[in-house]
Amino acid sequence: MILKYLIEKEFKQFLRNSFMPRIALVFPTIIILVFPWVATMDVSNINVSVVDRDVSTMSRRLSDKIAGSSYFNLTEYTDNYKQALDDVEKGKSDIIVEIPQHFERDLTTIQHATVQISSNGVNALKGSIGSGYLQNITADFNADLATKQGVTVSTPFSVNIQDRYNPTLNFKLFMIPALMTMIIIMLCGLLPALNIVSEKEIGTIEQINVTPVNKAAFILSKLIPYWLMGFIILTICFILAALVYGYTPKGSFLTIYAIAILFVLVMSGIGLIISNYAATMQQSLFMMFFFMMIFMLMSGLFTDVRSMPDWAQNIAFFNPPRYFIDTMRSVFLKGGNIADNIHNFMMLSVFAFVTNIWAMLSYRKQV
Amino acid sequence: MKTLLSLIIKEFKLIFRDKWTIMILIGMPIVEIALFGFAITTEIRNINFAVLAPQHNETVRQLVERIDANTYFTFVGYLDQTKDIDKAFRKEKADVVLTFKSNVGKQEASSKGVQLQIVTDASNPNTAKTESMYLMGILKDYFSKTDIGAAGVTSSVRILYNPQLKSTYNFVPGIMGLLLLLICAMMTSIAIVREKEVGTMELLLVSPTRPIFVILAKMAPYLTLSIINYITILVLSVFVLQIPIVGSLFWLSVISIIYVFLALAIGLFISTVMSTQVSAMIVSMATLLFPTILLSGMIYPLENAPVILQYVSCIFPGRWYISAVRKIMIEGLPLHYVLTEINVLIIMSVIMITLSLKKFKHRLE
Numbered sequence: 431m432i433l434k435y436l437i438e439k440e441f442k443q444f445l446r447n448s449f450m451p452r453i454a455l456v457f458p459t460i461i462i463l464v465f466p467w468v469a470t471m472d473v474s475n476i477n478v479s480v481v482d483r484d485v486s487t488m489s490r491r492l493s494d495k496i497a498g499s500s501y502f503n504l505t506e507y508t509d510n511y512k513q514a515l516d517d518v519e520k521g522k523s524d525i526i527v528e529i530p531q532h533f534e535r536d537l538t539t540i541q542h543a544t545v546q547i548s549s550n551g552v553n554a555l556k557g558s559i560g561s562g563y564l565q566n567i568t569a570d571f572n573a574d575l576a577t578k579q580g581v582t583v584s585t586p587f588s589v590n591i592q593d594r595y596n597p598t599l600n601f602k603l604f605m606i607p608a609l610m611t612m613i614i615i616m617l618c619g620l621l622p623a624l625n626i627v628s629e630k631e632i633g634t635i636e637q638i639n640v641t642p643v644n645k646a647a648f649i650l651s652k653l654i655p656y657w658l659m660g661f662i663i664l665t666i667c668f669i670l671a672a673l674v675y676g677y678t679p680k681g682s683f684l685t686i687y688a689i690a691i692l693f694v695l696v697m698s699g700i701g702l703i704i705s706n707y708a709a710t711m712q713q714s715l716f717m718m719f720f721f722m723m724i725f726m727l728m729s730g731l732f733t734d735v736r737s738m739p740d741w742a743q744n745i746a747f748f749n750p751p752r753y754f755i756d757t758m759r760s761v762f763l764k765g766g767n768i769a770d771n772i773h774n775f776m777m778l779s780v781f782a783f784v785t786n787i788w789a790m791l792s793y794r795k796q797v
Numbered sequence: 091m092k093t094l095l096s097l098i099i100k101e102f103k104l105i106f107r108d109k110w111t112i113m114i115l116i117g118m119p120i121v122e123i124a125l126f127g128f129a130i131t132t133e134i135r136n137i138n139f140a141v142l143a144p145q146h147n148e149t150v151r152q153l154v155e156r157i158d159a160n161t162y163f164t165f166v167g168y169l170d171q172t173k174d175i176d177k178a179f180r181k182e183k184a185d186v187v188l189t190f191k192s193n194v195g196k197q198e199a200s201s202k203g204v205q206l207q208i209v210t211d212a213s214n215p216n217t218a219k220t221e222s223m224y225l226m227g228i229l230k231d232y233f234s235k236t237d238i239g240a241a242g243v244t245s246s247v248r249i250l251y252n253p254q255l256k257s258t259y260n261f262v263p264g265i266m267g268l269l270l271l272l273i274c275a276m277m278t279s280i281a282i283v284r285e286k287e288v289g290t291m292e293l294l295l296v297s298p299t300r301p302i303f304v305i306l307a308k309m310a311p312y313l314t315l316s317i318i319n320y321i322t323i324l325v326l327s328v329f330v331l332q333i334p335i336v337g338s339l340f341w342l343s344v345i346s347i348i349y350v351f352l353a354l355a356i357g358l359f360i361s362t363v364m365s366t367q368v369s370a371m372i373v374s375m376a377t378l379l380f381p382t383i384l385l386s387g388m389i390y391p392l393e394n395a396p397v398i399l400q401y402v403s404c405i406f407p408g409r410w411y412i413s414a415v416r417k418i419m420i421e422g423l424p425l426h427y428v429l430t431e432i433n434v435l436i437i438m439s440v441i442m443i444t445l446s447l448k449k450f451k452h453r454l455e
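First to last, the protein sequences are chains Y and F. For the first sequence, the numbering used here gives the first residue as 431, with consecutive numbering after it. For the second sequence, the numbering used here gives the first residue as 91, with consecutive numbering after it.
Derived by calculation from the structure, the hints in this document are not laboratory data. Cβ coordinates follow ideal geometry from the N, Cα and C atoms, glycine included. Zero decoy hints are in this set.
Label-pair ranges, simulated between beta-carbon atoms: (1) F/Leu-425 - Y/Trp-741: 37 to 43 Å; (2) Y/Lys-495 - F/Leu-429: 37 to 43 Å; (3) F/Thr-161 - Y/Lys-495: 27 to 33 Å.
With the rest of the complex left out, here is chain F:
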């Protein structure tokens, strides 16, 4: 036990000697959660709209005013001809163009009514969809304003769990999952491989300490750092991003610690397989960073992915952790909703630890 303790102290000293690394390890999550918490948002605002109309008569002007008054839209000007639409889109002067076909004044009188066209710059499909949806709403509202007397259904909208529709609610669990996984797994793997590369690992292994102690001692500082990271991330999201922890803080922490442990085990495993720091890093990036950003529902909802990829996503721990955090932290659901997630994370940890211990011993022989 004493050897283990002194090994752990040695590892702590080793890490804290390198001021730069420590600063990055502690500072990075702080900067990133603050930046991304605010910056990663899908909220669509500042839509620039232009109008193409043969005549700028009363209806056109009123409509422009009406749309411009909407918080989402900003009027950027009238276009002269159809060709200009393309030009405006390419120079990114406008995002959507409302075109009036021929003579609006006459159309209003005719039975066919006013004919309009919404032309969107659909290079970003979601923006295009939202733009035309909002515009349609405004148009419908404008044209049916005068028909008092007809029966009508009104709808009142209520947003569950995230009343202000802040994107941060969706993304913070994802960022938590990403940062914790990467910091623990990548840092551990690189740190251990570094000792291999530099040659100091051999020294440790020929010493009379048991290999499991060496491993445990290596993990200890990173475990501590990760827990510090977890706490700072949580404090920042509550006090800076103002995301309330609706559910149980206790269970959230339990799940996070399981996750951190799993991440450390993954890092350990990568380090036993890889032999250079560069390769360890590339493998961590390829198996952890990208799948977590893309295959765990952090930014892109998983249900949109093809079924095969949805199955593939099950092997990435981030997916389970992020889903559990969302349920507990944001939706405030009780523990039994996240039992699957917890079990999967525990099973993964056991598998990873067993694998890497086996690998590690094997290497000694």
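This is chain Y alone, in the form it adopts within the complex:
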């Protein structure tokens, strides 16, 4: 079994450089410990400046209602719009609510008044969610007014909201499975991309080329160590998530490991293909870096694939991490099983097959 010796060689090469095993441990630890705290797009603390030009009971009541809402922090209550705008420019405030002069008088006489909401659109998400909430608050304010005046709203109704799978809307629960994916992309994609090309650069590839080792055995000997590494890293991530955040998947580990087998194969396969084509490590690094950015930024890891324009979604269709992240989130949060994610399994199988066959074919024994 020549494969056995080749694999043994790979392990020796990996462990000889003390830097690599350490990175494989430290890297996941830091990412799991630090990044969930940062990677939150929580929009619950929206800072509001109220510009009250009326200063009446009504205007106070409206601004109290805004301040009392759990979504907003009232950072400024002023009668000067310029000052409020200054706050927005300095980043102290996100939204300005302007209550016009004669607000109370207009409401009682002509039954109508308009409030101006100006939100900082640079952070589009905050801008749109913030102004949406504010509009809901004014609707509530109207309903209060109506009841106070004795006018019954024609159809009373009550709504309760149930946020399933993540009732506290905790962003960490959403991000941790994705961050684990990021670690796998980094380690199981990048390191193989450097592997063969580094043998080319050092010159040891010549020695392999003159032996009767066939292509398949050679590529397999390169793949299997990364495969094992992927499993170990993933397991470290699970242990950390359970210890630090008390977060364990709702579904079964079996589903996760099953999809991980495919995903690690795909990533290492892509790495090896690049490694085969590149002449120097520098080329291979730049190329892999280019793909990594696409893997990370267009896979739904940070922003939802469904928010992308259609053409970008078509590109994302060929983005393997997307299917892995989908499954990870489904298993962790919703308790999804293989049947629920069958589409993802199929896509990744196809990718795994294509990339690894390609990796085998593109490895040439001649220089």
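We have chain Y already, so just place chain F on it with the hints.
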């Protein structure tokens, strides 16, 4: 001076000989800014909603029609029983389910009114939040439609700086910061370490040129490339992504050049500390790529992070650059709003250059 010039020419030749690398270095920012400028967006659209109602009477049908007419929502069908909600979520057929409790017709007549429940798939908290917010708005609108006669406040919404609420406005400064930093720092560090690894660095160092010249010559092609990158990124964001440069182009360029310089200095420093290309790359990734994506406000607003991490973020240059670009390019604020950012970037550059020169000399002895 002449030696420096010939060294610089040598470095340029060295880089331009490698067609692949050049193509990647110039092409990568173009492809990435175009891709990400459009693709990284948090805009929530195409929300699939399903309805669970014991009876499909007039109210239910009207409401479904009303919600379906909204640009954000698409009606995917009625569910038969509560169990189906879970199934629909897991198969990703629906994102939100509106459920009507028992008999809607009778409820309307009763004093308690219509009782509804919005069930969201909250695996993505923000989507869930937006979904229920929009739905609430539609419901409120629907049920209070008939109460003419009551006093009312209407609100008109105006969006400052980014009237169409395009996410690109938020992300392009971030992508600029990320690409410039990575291309300059990572590429420089790897290029220099490569010479060490291959052994050609020794040759350069034993030659009668001064070490500072060697360093400067190494930086020159990358500085040029970075400036080309800066220009292409800017041109693309203005003409392809249609983000106007509201503020001063001059100051934007000044800040960018300081930033590029800092990035080169960081690359230099990494190269003096690391000895192999792989380790140099991993260190650049770990100290530059991830902190810039996650700790500089590129995608995730910094104010959401715990205070300690907000302090930690101060040591990453991307944070300052991105904030400065946002202020000048998008918000069009005058220079004095970004003085802190500029100063921090300058101080960082000075520190990095001093450190790496010191390290570099030390290595020679």
